[in-house]
Structure formats: C-alpha cells, structure tokens
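Participant: Protein chains in written order, with my numbering: chain A, 1 to 207; chain B, 1001 to 1199.
In case anyone wonders, no lab produced these hints; they're calculated from the structure.
Bear in mind that the values here come from a model prediction, so they are computed numbers and not experimental data.
It is possible that some hints are incorrect.
[As the list claims (entries may be wrong)] Listed next, the in silico DMTMM-like pairs over lysine to aspartate or glutamate satisfying Cα-Cα at most 20 Å (straight line): (1) 1054(B) with 65(A); (2) 1083(B) with 1154(B); (3) 159(A) with 65(A); (4) 1134(B) with 122(A); (5) 1087(B) with 88(A).
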Amino acid sequence: MFALLKRDLYLALYSSSSFFYTSSFFVLVLIILPFLFGTNDVQLQVLFKGIIWIGLSLSILLTMERIFNADYEDGNLDIIIQRNPSLETIIISKYITHWIVYCLPLFIILPILSFLFYVSLDSFFLIFLNLFFGSLGMVFIVTFVSALTLGAKRTIFLKAVIVIPLFVPFLIFGTNLESWPILLALSMMSFVLSMYVSAYGLRLYVE
Amino acid sequence: MNELKIEDLTCYRGDNLVLKDLNTKLKSGETLVIRGSNGSGKTTLLRVLSNFIKSYNGKILFNDHNVLEDANYRNCFNFVGQKNSLKDNLSVKNNLKLWEIIYQKNIYYSKLLEDFHMSHLVERDVGSLSDGQKKCISLLRLNFTESKIWYLDEPFVFLDEENSQILIQKIKNFNTNNGIVIITSNINLQNTFTNEIKI
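Use the sequences and the hints to build the structure in full.
Facilitator: Right, here's the structure in full:
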C-alpha cells in the first residue's frame, strides 16, 4: 500500500498544476459568490459557512476523474492491481492520496479565507472541524462512484447526478457549526459503503 | 524447470463463449504465439492467464499449482497489455520513476532506454512521442521484475523493423534464461516462433 501511496503522491507532484487548479477554483468560488449576495461583515460571516461547502463539493466533484479513471485509461490500473493483491489496500491508498492532494491545500488556505470573511476564531475552529470530517466523507463517496463508473466515457454529468444527492446530508449538517459529530458519523457510514462498493466496482473492471 | 499448463479452459464474457476447451502446455524456454481474428479472445486469454479474470472453467497450473490459489503467482509473471501505461503529461524519466516505485526496484534509466536506443528521449514528454516510441518504452516494464513468464498482448503493433528485431531478440534471450513467453499477435510470426495456436 505504501508503494502505491508514494507513487500517487509523486504523480501529483509531477503534475503539480492539478492541485494548484483545484485550490484556485475553490478560492474563486469563495470570492465570486459574495459579489452576488452582498459584502457587509455579517453577511460575509453567514455566507462563508455555506459557500465553503459549495466550493469543497465542486472541487471534489471536478477531481473525481483522477481517482481511478486516469490510471484506467492509460493502463496503469492493471499494473496497480497486479502489484497489490488486495483491492481494499488500493482503495484506502486512493482515499489518502486524494484527500492529501485535493483537500489538504484547501485546508491550508482556509485560515486566510476565513480572515477575509471576518469569521471569529471560535467559529473558524468549528468550521474547520466540520469541513475536515465532511471532506473525508465526500472523498469516500466520490471514490466509490468513480470505481463504479470505471470505463464509462464522458460520464461526468452522470457522475455528478449520482454524487450531488449523496453530498446533500453533508451540506445540510455542515452549515450547522455544532454538528461535527453527525458529520463524523456520516463519514464513517460513507467509509463502510465506499469500501464495499469500490471493491465491487474494481472487481467488475478486472473481470 | 518451470511449466505452465492450461487444461480445458472455457471462458464466457457475459453470454458470449470466448474461449472453449483450450488445452496447451509450455515449458521453460518456450514461446507460444496466439493468433486469431479480432474479438476471438486473445486478450481475454492473456487476462485469464494473468489472473485478472478469475471466473472461468478449467484449470491453469504453474508448476502444478493452480494459479488461482497460488499467492506467489503474481510475482512470477509480467503482463504488458495493449495500453502503454504511460502518463502523457509526464516526461519519460518521471514515468519510469513511477514504475520504479510501483515495482520497488531501482533502475538506471539511460541504460534501460538504451535497449531500444532511446536514451536521448529521457527528458521528453511522453505526449510528444510517436506511438512506436511509446510502445518501446512500455515494453521496458519487462525489465522491472525477475519474472518467469511474459504475457505480451500485441507487442509488435507500432514497432518498426529495427525495434521488432530488438524485441524478438529480448524474447529469445528471455527464453534462453528459462523464461516462458506467450504473445498474442495478428502478424504472422511463424518464421520466428514455431509454437503457435489459433483461437
């Protein structure tokens, strides 16, 4: 598993533009929406709790093609499966890499963004906690949808239609600052579901 | 001495019967060429032999062990499929580095590329290479493991005369070192490898 983890992180490093684009996209969503809804202090604080979830959802949705599809299309998935006897280790490795490469940069820039939106320190920590647990659950969800639709070409809309309703519980509870235990529970449920369905999806591909 | 035995192999893909009662035996130092028309099941056979496809009837035995039950079998073979397993946006060197990590083996890139006289391409982006050059680089994966069997799916596609001869020589050298090779091909290789079956 560590070899695959290392390989995926190196791959992200070599194509470093990909996580730069995701972070830029996240920042742009956060910058653009206040122009539509107003820019006074109180409004920005309220907006922030909602739009970070929209930004996160869209960023994760846009990068889901890179979980399994890129390796499937160029044939690397065969090598990965041959070298790793357990599909579960492949899936766990993909969770970790995807979170590190596409979610971690968002958490790094989050303090700066929350400062720009006049968010208090107490609120920031709760938002951070919510977003952390929520992002894990969202990564679990996109991973299993990615595995299940492996090989299907030009299906980004289909994937979005499957994924967005599954994101809704995270969005509902994410905007409530006290609900991180619910988000943790949702993420754990997503993990169990994701492991089973992702392994099934990969098995279907291999067969 | 290694031996690969295929006994009464039958495989369905969906409702289609792709392989029917296939029997063959290969010993160390032998190469088998599998020929057949498009869609006849050549690639399926290689994927069955490589343990990617596990639902079939019949038996595949490597040194008298059923490959489905032998955990070490995956380290005994090297499969090079029709896809090149290369990232177009990365350089040749970085692609080789990624393989190096996956295969957990240190490689001298320039020496490796010299096999196909391609050491000058090491810093080039794979996306800018020709299909033949990509195929040659993809075949370099054969050097990453100490395998006993090579499964090569259409390895001569896109290769020019010179590189085809280099590959044939590599296969013959592998045979000399007791390796078993199974190749699928649309090209007639009977003058080079005498052992051939049609499916």
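Participant: All hints are to be evaluated individually against the structure, with a verdict given for each.
Facilitator: So, going through the hints one by one against the coordinates:
Taking the CA atoms of residue 1054(B) and residue 65(A), the gap is about 27 Å. The hint is violated against a cut of 20 Å. With a CA separation close to 10 Å, the supplied pair residue 1083(B) and residue 1154(B) stays within the 20 Å bound. A C-alpha spacing of about 9 Å is found between residue 159(A) and residue 65(A), which places the hinted pair at or below 20 Å, so the restraint holds. Restraint check for residue 1134(B) and residue 122(A): not satisfied, since their Cα atoms lie roughly 55 Å apart, outside the 20 Å limit.
For a cut-off of 20 Å, the pair hint linking residue 1087(B) to residue 88(A) is broken: about 24 Å separates their Cα positions.
Violation of the numbered hints given earlier is confined to hints 1, 4, 5; the remaining hints are satisfied by the structure.
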